[in-house]
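2 protein chains.
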Amino acid sequence: MAVTISDVAHAAGVSKGAVSYALNGQPGVSDATRGRILQVAKELGWKPSLRAKGLSSAKAYALGLVVARDPKLLGTDPFFPAFIAGIEITLAEHDYTLVLSVATAPGAEERAYRKLADGGRVDGVILTDVRHNDSRIGLLRELKLPAVTLNRPDADSPFPAVSMDDTDGITAAVEHLIALGHVRIGHVGGAQEYIHGRSRRRAWESAMARAGLAADLFAEADFTAPGGVAATAELLRRPDRPTAIVYANDLMATSGQSFAQSQGLSVPGDLSVTGYDNAEFTQYLNPPLTTIATDPMRWGRVAAQALLDQLNGTHSGEDTDLPAPTLLVRASTGPAPSRTIKQATK
Amino acid sequence: MAVTISDVAHAAGVSKGAVSYALNGQPGVSDATRGRILQVAKELGWKPSLRAKGLSSAKAYALGLVVARDPKLLGTDPFFPAFIAGIEITLAEHDYTLVLSVATAPGAEERAYRKLADGGRVDGVILTDVRHNDSRIGLLRELKLPAVTLNRPDADSPFPAVSMDDTDGITAAVEHLIALGHVRIGHVGGAQEYIHGRSRRRAWESAMARAGLAADLFAEADFTAPGGVAATAELLRRPDRPTAIVYANDLMATSGQSFAQSQGLSVPGDLSVTGYDNAEFTQYLNPPLTTIATDPMRWGRVAAQALLDQLNGTHSGEDTDLPAPTLLVRASTGPAPSRTIKQATK
DNA sequence: AGGCTCTACTAAACCGGTTCAGTTGGTAGA
DNA sequence: TCTACCAACTGAACCGGTTTAGTAGAGCCT
Chain A
1 MAVTISDVAH AAGVSKGAVS YALNGQPGVS DATRGRILQV AKELGWKPSL RAKGLSSAKA
61 YALGLVVARD PKLLGTDPFF PAFIAGIEIT LAEHDYTLVL SVATAPGAEE RAYRKLADGG
121 RVDGVILTDV RHNDSRIGLL RELKLPAVTL NRPDADSPFP AVSMDDTDGI TAAVEHLIAL
181 GHVRIGHVGG AQEYIHGRSR RRAWESAMAR AGLAADLFAE ADFTAPGGVA ATAELLRRPD
241 RPTAIVYAND LMATSGQSFA QSQGLSVPGD LSVTGYDNAE FTQYLNPPLT TIATDPMRWG
301 RVAAQALLDQ LNGTHSGEDT DLPAPTLLVR ASTGPAPSRT IKQATK
Chain B
1 MAVTISDVAH AAGVSKGAVS YALNGQPGVS DATRGRILQV AKELGWKPSL RAKGLSSAKA
61 YALGLVVARD PKLLGTDPFF PAFIAGIEIT LAEHDYTLVL SVATAPGAEE RAYRKLADGG
121 RVDGVILTDV RHNDSRIGLL RELKLPAVTL NRPDADSPFP AVSMDDTDGI TAAVEHLIAL
181 GHVRIGHVGG AQEYIHGRSR RRAWESAMAR AGLAADLFAE ADFTAPGGVA ATAELLRRPD
241 RPTAIVYAND LMATSGQSFA QSQGLSVPGD LSVTGYDNAE FTQYLNPPLT TIATDPMRWG
301 RVAAQALLDQ LNGTHSGEDT DLPAPTLLVR ASTGPAPSRT IKQATK
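These protein sequences, in sequence, are chains A and B.
For the record, in the first sequence the residue sitting at position 172 is 172 according to my numbering, with numbers rising by one throughout.
For the record, in the second sequence the residue sitting at position 167 is 167 according to my numbering, with numbers rising by one throughout.
There may be inaccurate statements among the hints.
Chain A stretches covered by chain B per the calculated footprint, using a threshold of three residues with CB under 8 Å from any CB of chain B [claimed, not checked]: (1) 48-60; (2) 116-122; (3) 248-258.
Residues of chain B clear of chain A, computed beta-carbon distances all greater than 10 Å [to be verified]: (4) D7; (5) A62; (6) L116; (7) A155; (8) G212; (9) Q263; (10) L265; (11) E318.
With a straight-line Cα cutoff of 25 Å, these simulated DSS-like cross-link-like pairs (lysine-lysine) come out [as the list claims (entries may be wrong)]: (12) A:K16 x B:K47; (13) B:K16 x A:K59; (14) B:K144 x A:K53; (15) A:K53 x B:K59; (16) B:K59 x A:K59; (17) B:K53 x A:K59; (18) B:K59 x B:K144; (19) B:K144 x A:K47; (20) B:K53 x A:K53; (21) A:K47 x B:K53; (22) B:K47 x A:K144; (23) A:K47 x B:K42; (24) A:K144 x B:K42; (25) A:K53 x B:K42.
In short, the hints are calculated from the structure, not lab data.
All C-beta atoms in this analysis are idealised placements derived from N, C-alpha and C, irrespective of residue type, glycine included.
Take these sequences, add in the hints, and give me the full structure.
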């Protein structure tokens with residue numbers, strides 16, 4: 001329908017091949033001819049057909065991202081939109097596009113990867129939310145789909161990783177609380193199925209151990225708000241209940257803080273709380289949340305670049321380490337209560 | 001690299017054409033032959049190449065969505081992730097994929113649409129965040145790119161719209177506040193450049209007029225949290241400051257409520273507050289936010305279906321109306337204060 | 001002058017599908 | 001028995017690029 005390479009060739013009085021060489025900056029045409037062809041192409045408003053290009057060069061000029069989340073969780077996590085924006089910044093510079101799949105139903109995730117791979121819709125994918133012994137590693141290997149993972153999987157993975165350490169942030173949070181005099185510091189973890197759920201828990205354990213404190217106040221949740229409530233309730237029910245809780249993400253911290261307040265506890269008077277992610281709304285909570293400020297946009301930018309490098313063979317093969325996120329102290333953390341612990345009112 | 005239609009044809013002892021007919025359910029092959037071909041194709045693990053299919057049938061089998069937002073705002077709006085999930089649900093049923101573009105820099109938006117159109121990367125796009133006299137309508141017309149708009153643009157648009165009325169929700173919020181005895185009900189609007197910013201403002205004005213109340217407590221903001229703070233500050237500075245504020249979205253309501261509290265006002269004792277969207281975190285605010293519960297996922301599902309219908313010519317050409325979102329009363333709204341107005345403490 | 005190499009280009013094959021124009025064989029109708 | 005027609009299939013063109021093999025002509029060397 002639009003103007004094709006043949007039209008340009010005809011108008012410039014050369015063959016299709018010459019036009020292709022000229023437009024791709026390849027040798028095989030004189031500078032004079034190249035200039036004329038480019039001129040004609042511009043005049044005719046020629047735009048290369050991605051489809052034709054893809055067919056002959058066996059590339060899709062697209063990267064894939066499969067997000068497997070509960071729809072409820074999707075709208076709340078501030079990570080993805082910023083992360084995707086970062087990916088786009090990189091892709092826009094390379095005439096690639098992003099194909100996004102959202103898998104909400106169980107089993108839909110594997111189907112989504114297969115769909116992207118089978119038809120050759122994408123040239124590679126970015127793997128987020130890496131899980132313990134993640135089955136997707138094997139799947140992608142089987143599908144022969146190049147990939148980049150966010151953080152290094154605990155299972156053997158042939159794919160380069162782009163990592164943002166979460167140890168430092170959690171450690172800083174725990175040390176901040178210890179400096180405030182807290183001793184019984186609990187941790188509400190994300191699903192331990194995720195490696196970032198695990199690493200944050202381990203970071204909390206290590207920091208506690210280094211300070212000679214017992215890391216026994218742990219409750220596992222699932223990164224969701226209701227999960228945060230349940231886990232917080234569990235910790236507060238303990239006879240030796242914590243005076244501070246380090247949450248594995250902002251959403252759980254938000255709902256946990258809200259729950260504690262509804263039980264008559266003052267934050268941070270009776271309970272200090274820290275989050276993770278620095279979602280924008282956390283600064284408008286009452287009190288504003290002490291949290292750990294990550295940079296998802298940068299993560300997206302770098303991950304996309306690593307994948308592109310891998311596709312054109314210029315990737316070093318080594319993992320990339322991003323600067324660790326830092327602690328952002330706000331008003332949800334304060335000195336440990338000096339009085340004897342009083343049970344939370346039921 | 002993979003198995004092609006020629007491989008299947010050879011293995012089944014027929015021509016490429018016959019295989020194509022068989023696999024697409026077209027007439028021209030006997031049932032016996034068709035069965036044999038399908039059998040062979042399955043055995044060989046044949047998957048059609050999207051690229052080849054796209055080239056010969058002049059389709060991309062993909063829909064586009066361009067999101068033009070400030071990166072800061074992106075992470076906070078609960079609308080998009082759920083909306084995109086809805087789109088995916090529909091697309092997954094039709095072997096289409098979603099190409100997502102995020103345009104953060106000014107001017108990037110138009111480039112993004114051109115990029116999607118030029119190479120033939122997508123067969124159509126969904127237009128969100130429709131603006132007053134939206135220039136994208138003309139652009140898409142020029143690019144000959146089929147589209148569906150979310151809500152009907154105020155400028156002349158040839159594209160079908162999928163609408164979710166926001167009048168009812170805002171009206172319900174205002175009436176709820178009036179029933180609680182409020183008289184001075186303000187409105188913090190979103191950017192009036194957006195048609196949903198305008199329609200929410202008009203809905204507030206109409207509801208006030210119907211109750212015989214003056215609609216003079218308006219402050220325009222931009223749907224962002226800092227904007228909500230500024231607009232709230234402006235309204236509270238007025239001598240006849242409002243006892244209730246209807247916000248055009250949750251993010252502004254959240255930051256506005258937080259700001260009012262920081263000024264020593266009690267919510268809802270001194271000031272009642274309503275939001276719009278029902279972002280999950282709003283139920284964990286202190287107090288939980290009265291807001292309007294929309295259904296972005298359904299919107300995405302229906303919009304994608306409308307676009308697909310349009311592409312294969314089965315669209316009626318009429319706009320689709322979705323059920324209006326409803327008011328969700330929580331604790332941020334309460335009876336109007338009976339005492340004389342005291343100035344907010346500075 | 002003949003042979004050689006190099007540049008600049010053309011013609012055609014190719015990617016993997018769809019689709020159109022024929023071809024074949026069988027059956028029905030006269 | 002001859003024609004007409006139809007179902008079932010084949011071969012080739014086609015989509016719009018890339019890429020390979022081949023060629024014409026210029027320039028250089030001996």
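Hint check results:
no.: 1; hint: 48-60; result: holds (count 10)
no.: 2; hint: 116-122; result: holds (count 5)
no.: 3; hint: 248-258; result: holds (count 5)
no.: 4; hint: D7; result: holds (15 Å)
no.: 5; hint: A62; result: violated (7 Å)
no.: 6; hint: L116; result: violated (7 Å)
no.: 7; hint: A155; result: holds (26 Å)
no.: 8; hint: G212; result: holds (34 Å)
no.: 9; hint: Q263; result: holds (13 Å)
no.: 10; hint: L265; result: holds (12 Å)
no.: 11; hint: E318; result: holds (28 Å)
no.: 12; hint: A:K16 x B:K47; result: violated (31 Å)
no.: 13; hint: B:K16 x A:K59; result: holds (23 Å)
no.: 14; hint: B:K144 x A:K53; result: holds (21 Å)
no.: 15; hint: A:K53 x B:K59; result: holds (14 Å)
no.: 16; hint: B:K59 x A:K59; result: holds (16 Å)
no.: 17; hint: B:K53 x A:K59; result: holds (14 Å)
no.: 18; hint: B:K59 x B:K144; result: holds (14 Å)
no.: 19; hint: B:K144 x A:K47; result: holds (14 Å)
no.: 20; hint: B:K53 x A:K53; result: holds (13 Å)
no.: 21; hint: A:K47 x B:K53; result: holds (20 Å)
no.: 22; hint: B:K47 x A:K144; result: holds (14 Å)
no.: 23; hint: A:K47 x B:K42; result: violated (37 Å)
no.: 24; hint: A:K144 x B:K42; result: holds (20 Å)
no.: 25; hint: A:K53 x B:K42; result: violated (28 Å)
Of the hints listed earlier, those the structure fails to meet are numbers 5, 6, 12, 23, 25, in rising order.
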